[in-house]
Amino acid sequence: EPCDLYRLLREMIAYERRCVVMEITTQGLLRQRVRGLGFHVLAFTDHRFERDAADEWSNVLTLKEQALARGWEHGPSDIVVINRNDPVSSKLLCMVPTAIDTVTYGIDVCANIRAENLLNTPLGWQFDLLWEGGLFQTLFPIKGPKKKVLEALGALAIAYADGRNLYEMAALLPDYSESSSGQLHLL
Numbered sequence: 519e520p521c522d523l524y525r526l527l528r529e530m531i532a533y534e535r536r537c538v539v540m541e542i543t544t545q546g547l548l549r550q551r552v553r554g555l556g557f558h559v560l561a562f563t564d565h566r567f568e569r570d571a572a573d574e575w576s577n578v579l580t581l582k583e584q585a586l587a588r589g590w591e592h593g594p595s596d597i598v599v600i601n602r603n604d605p606v607s608s609k610l611l612c613m614v615p616t617a618i619d620t621v622t623y624g625i626d627v628c629a630n631i632r633a634e635n636l637l638n639t640p641l642g643w644q645f646d647l648l649w650e651g652g653l654f655q656t657l658f659p660i661k662g663p664k665k666k667v668l669e670a671l672g673a674l675a676i677a678y679a680d681g682r683n684l685y686e687m688a689a690l691l692p693d694y695s696e697s698s699s700g701q702l703h704l705l
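Take the working numbering: the last position of the sequence shown gets the number 705, and nothing is skipped along the way.
Rather than coming from a laboratory, the hints here were simulated on the basis of the structure. As the structure is a prediction and not an experimental result, all values here were calculated from the model. For every residue, glycine included, the Cβ atom is placed at its ideal position computed from N, Cα and C. Please note that the accuracy of each hint is not assured.
DEER-style ranges, computed between Cβ atoms [said to hold, decoys possible]: (1) E529 to C612: 37 to 47 Å; (2) S608 to R535: 35 to 45 Å; (3) R553 to L637: 38 to 48 Å; (4) L636 to L690: 17 to 27 Å; (5) E534 to K664: 18 to 28 Å; (6) G662 to V538: 25 to 35 Å; (7) Y533 to G554: 16 to 26 Å; (8) D646 to E529: 36 to 46 Å; (9) A617 to N683: 20 to 30 Å.
Based on the sequences and whatever the hints tell you, model everything.
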């Protein structure tokens with residue numbers, strides 16, 4: 519809920535934390551749950567998993583276009599991250615103003631950061647992580663649908679867009695474990 523989010527953000531400021539990563543669904547945007555916040559990096563993951571309210575679906579692309587154009591109340595974001603496996607990614611890429619840097623990610627597609635040669639093993643997903651000037655062979659110890667790899671690529675793309683060393687970030691993938699709580703946490 520918005521009051522919990524803003525309480526947590528106030529706590530972060532009190533602890534002198536200046537950076538937060540959070541997932542915001544289109545439903546959250548439609549209901550203005552993050553109203554008043556500005557974003558350094560704006561990431562679009564996959565609209566196919568957001569269609570839980572059919573009557574509001576027509577607003578989704580319009581809302582994303584508005585987010586790109588004006589970045590809500592605080593001006594446009596500095597960087598946009600887009601999932602190239604999303605069927606509307608081409609539309610989203612066309613909507614990004616030229617002054618905004620863009621990082622793309624995906625599985626077996628043309629993207630700045632991509633996974634290739636995926637193999638679902640008993641230990642999790644094994645794949646080659648590729649980006650400009652880099653190749654990293656890794657094991658992502660999460661079992662389940664390929665969507666989990668796409669989520670990890672999204673997180674790596676955000677870190678890369680923010681100037682993090684992708685080799686260091688990729689090296690952390692084998693240590694990843696899923697949180698089952700689904701709750702906000704101050705780290």
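Can the suggested window of 35 to 45 Å be confirmed for the beta-carbon pair S608 and R535?
At 36 Å between Cβs, range holds.
If I claimed the Cβ atoms of D646 and E529 lie 36 to 46 Å apart, would that claim hold in this structure?
holds, 40 Å
Using the Cβ atoms, figure out if Y533 sits within 16 to 26 Å of G554.
Holds: the Cβ-Cβ distance is about 21 Å, inside 16 to 26 Å.
Verify the CB-CB distance for E534 and K664 against the hinted window 18 to 28 Å.
violated, 39 Å
Please test the hint of 38 to 48 Å on the beta carbon pair from R553 and L637.
holds, 43 Å
Using the Cβ atoms, figure out if A617 sits within 20 to 30 Å of N683.
Given a distance of about 26 Å, which is inside 20 to 30 Å, the answer is holds.
Is 37 to 47 Å respected by the C-beta to C-beta distance linking E529 and C612?
Taking Cβ atoms as reference, E529 and C612 lie about 39 Å apart, which means the hint holds.
Pairwise beta carbon distance, L636 to L690, judged against the given window 17 to 27 Å
holds, 19 Å
Return holds or violated for the Cβ distance of G662 and V538 against the range 25 to 35 Å.
At 26 Å between Cβs, range holds.
Of the numbered hints stated above, the single one contradicted by the structure is hint 5.
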